[in-house]
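*Asks:* If you're matching them up, the sequences are chains A and B in order.
As numbered in numbering that gives the first Met the number 0, the first sequence has no gaps in its residue numbers, which increase by one up to the final residue, 370.
As numbered in numbering that gives the first Met the number 0, the second sequence has no gaps in its residue numbers, which increase by one up to the final residue, 237.
Where hints are given, some of them may not hold.
As the list claims (entries may be wrong) - Reference listing, derived: stretches of chain A covered by chain B, where coverage requires no fewer than 3 residues with Cβ under 8 Å from a Cβ of chain B:
# : segment
1 : 6–17
2 : 71–78
3 : 264–270
What the hints assert, rightly or not - Every beta carbon over 10 Å from chain B, so not counted as near; a handful from chain A, in silico:
# : residue
4 : L54
5 : Q58
6 : N173
No wet-lab data here; the hints were simulated from the structure.
Just so you know, even glycine gets a beta-carbon here, dropped at the ideal spot from N, CA and C.
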Amino acid sequence: MTSTYGAYGGRYVPETLIPALDELTEAWAAALADESFRGELDHLARTYAGRPTPLTRAQRFAPSKRLYLKREDLLHTGAHKLNNALGQAVLARRLGKQRIVAETGAGQHGVATATVCARFGLDCVVYMGSEDMRRQAPNVERMGLLGAEVRPVEFGTKTLKEATSEAIRDWITNVEDTHYLIGSCVGPAPYPEIVRELQAVIGRETREQILEAESRLPDAVIACVGGGSNAIGMFAGFLDDQDVEIVGVEAAGAASLGSGRAGVLHGARSSVLADEDGQIADAHSISAGLDYPGVGPEHAFLRDSGRARYVGTTDEEALDAFRRLTRTEGIIPALEPSHALARVEELDAELIVVCLSGRGDKDLAEVLGRA
Amino acid sequence: MSSAASAKTLVIYLMSGPETPALAEAAVEGGADLVELGFPFSDPLADGPVIRRAAEKALAQGMGTQACLEGLAAVRERVGVALVPMTYSSLLEAYGWERFGEAARAAGASSIIVADLPAGDRSELRRIQLVAPTSTDERIRLAAEQTDGWLYLVTVTGTTGSRSEVSLTLAAFAERARAAARDVPIYAGFGISTPEQARTVAELTDGIVVGSRAVEVAEEGPAALRKYVASLRHALDA
Numbered sequence: 000m001t002s003t004y005g006a007y008g009g010r011y012v013p014e015t016l017i018p019a020l021d022e023l024t025e026a027w028a029a030a031l032a033d034e035s036f037r038g039e040l041d042h043l044a045r046t047y048a049g050r051p052t053p054l055t056r057a058q059r060f061a062p063s064k065r066l067y068l069k070r071e072d073l074l075h076t077g078a079h080k081l082n083n084a085l086g087q088a089v090l091a092r093r094l095g096k097q098r099i100v101a102e103t104g105a106g107q108h109g110v111a112t113a114t115v116c117a118r119f120g121l122d123c124v125v126y127m128g129s130e131d132m133r134r135q136a137p138n139v140e141r142m143g144l145l146g147a148e149v150r151p152v153e154f155g156t157k158t159l160k161e162a163t164s165e166a167i168r169d170w171i172t173n174v175e176d177t178h179y180l181i182g183s184c185v186g187p188a189p190y191p192e193i194v195r196e197l198q199a200v201i202g203r204e205t206r207e208q209i210l211e212a213e214s215r216l217p218d219a220v221i222a223c224v225g226g227g228s229n230a231i232g233m234f235a236g237f238l239d240d241q242d243v244e245i246v247g248v249e250a251a252g253a254a255s256l257g258s259g260r261a262g263v264l265h266g267a268r269s270s271v272l273a274d275e276d277g278q279i280a281d282a283h284s285i286s287a288g289l290d291y292p293g294v295g296p297e298h299a300f301l302r303d304s305g306r307a308r309y310v311g312t313t314d315e316e317a318l319d320a321f322r323r324l325t326r327t328e329g330i331i332p333a334l335e336p337s338h339a340l341a342r343v344e345e346l347d348a349e350l351i352v353v354c355l356s357g358r359g360d361k362d363l364a365e366v367l368g369r370a
Numbered sequence: 000m001s002s003a004a005s006a007k008t009l010v011i012y013l014m015s016g017p018e019t020p021a022l023a024e025a026a027v028e029g030g031a032d033l034v035e036l037g038f039p040f041s042d043p044l045a046d047g048p049v050i051r052r053a054a055e056k057a058l059a060q061g062m063g064t065q066a067c068l069e070g071l072a073a074v075r076e077r078v079g080v081a082l083v084p085m086t087y088s089s090l091l092e093a094y095g096w097e098r099f100g101e102a103a104r105a106a107g108a109s110s111i112i113v114a115d116l117p118a119g120d121r122s123e124l125r126r127i128q129l130v131a132p133t134s135t136d137e138r139i140r141l142a143a144e145q146t147d148g149w150l151y152l153v154t155v156t157g158t159t160g161s162r163s164e165v166s167l168t169l170a171a172f173a174e175r176a177r178a179a180a181r182d183v184p185i186y187a188g189f190g191i192s193t194p195e196q197a198r199t200v201a202e203l204t205d206g207i208v209v210g211s212r213a214v215e216v217a218e219e220g221p222a223a224l225r226k227y228v229a230s231l232r233h234a235l236d237a
């Protein structure tokens, strides 16, 4: 049986993929047990990606709190996505797969994937909804420069949901020579676990850095949740610390955890936006990276267990937080973590860490268009 | 099943919709031995563009689970052949896994197919299992043990939809499946659209499934579908 998070997770995929998922599970276990894999990843993280990323005090943004930002926006390519893409690229090489296929919403995972493919000489195809290509044009151009082929997805919502379906269909068709480099802690097992472990570096570093800065653990950690990979990476560092409050922030119009139901999407059972027949509903968010009707199965598990709680932020609240952080701290955040920033003031906690998952260059057109 | 002992089984897939009872009747008149009825899902990972678009259209026409079950019952009143709903896990999760199987049988189905529920998971849910060219012999044996009546051989590594050629590796795969499945009937589908392909594939298996092309022809109406299915039937019986 495949790994699950309580009643969530699993492998709800066509039979064609099962042997590839078995192969991936074995290769992942072997890699974890291999010192040289860890060593290679650590070396790449330090010398190529720019780890560790700083933990920055943000005094002017939230004067009534002791707020720190975990600066994944300073990672190479501008978002936490590179942590996962680098790890899976190394894994793909161990599997002997020369071709990489990926989906992208905001384009950050697509850019990270195109980047590691350029770095390792792998062929790269990225599926992206045509609506997202419009919203995130600079990232489309970056992927092209990096040598990736961006394939527009023109049907359905023309966003991340359909891009993910098309990437999985490509993988089904080309599974013999292709690794599917999924971008979030979603999909069939073992993907949610792989992505979590590769992003867990965020939480590990944050834990060390906050202990060094404050000599104690934070009262709360907070992160935005679309599929949920930056959040699960941050949370992983604090799940065992029962006194640390854990808060995930969804886009109000894409609240898979806040207003979803148990359902099956993209290979896993999780909490999804769906109607009473199980048909997946459309999500709506100004942030392409959160505009997804599903979420990683571990988040559904953490919600049910009560260890984490999940709240929502509207488009307008996120835009307000985006502008405030830019003006008070001189940091232009991506719209995705702006959703988490918007909830900081109302937390009871005093010492808080926000995972600033990415930088906002890609969002300028969207934000300026609404000014 | 067809009357002749040596006859190959012809399975036709149709997407559920308002016209399905008339179309299913036409398919059976053309020589279909079994009709699969697609219960549309918004995100069908195993399907290529034709069936994906048909699913979008069906959902826009209001073909939710209850409407599909009623459609199944209506088809049951019109034809005598075996009927099998084919759908995705999300519909069963919402309806209730066991309850869905029971409701389908109550409406006249002989079994069900769940395209994204591989053998070994939810084994208590009786259904027709699929095997793919990538399946190990061990997985083919498991699927054959757990399957409900016959084994669905996915002929290509890919999604549903027409292909210009029958896969060169199909013979070896069919032989492997036959050895592992022993006397469980094997019907092959995915990528079969022409009478020539139907004949070629049927020589290797006990029957064939035609989906995407049948869905396309069905858009032209019952008469066109009857003629198309008859051409497949003729190829299998020749």
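*Asks:* Hint by hint, say whether it matches the structure.
*Replies:* Results of checking the hints against the structure:
1. 6–17: holds (count 9)
2. 71–78: Coverage by chain B is violated here, the residue count being 0 at a Cβ distance below 8 Å.
3. 264–270: Since three or more residues must qualify, the claim that chain B covers the segment 264–270 of chain A holds, with 4 doing so at under 8 Å.
4. L54: L54(A) is indeed farther than 10 Å from all Cβ atoms of chain B, at 39 Å.
5. Q58: Since the minimum Cβ distance to chain B is about 45 Å, Q58(A) lies beyond 10 Å and the statement holds.
6. N173: The assertion about N173(A) is violated, with a minimum of 8 Å to chain B.
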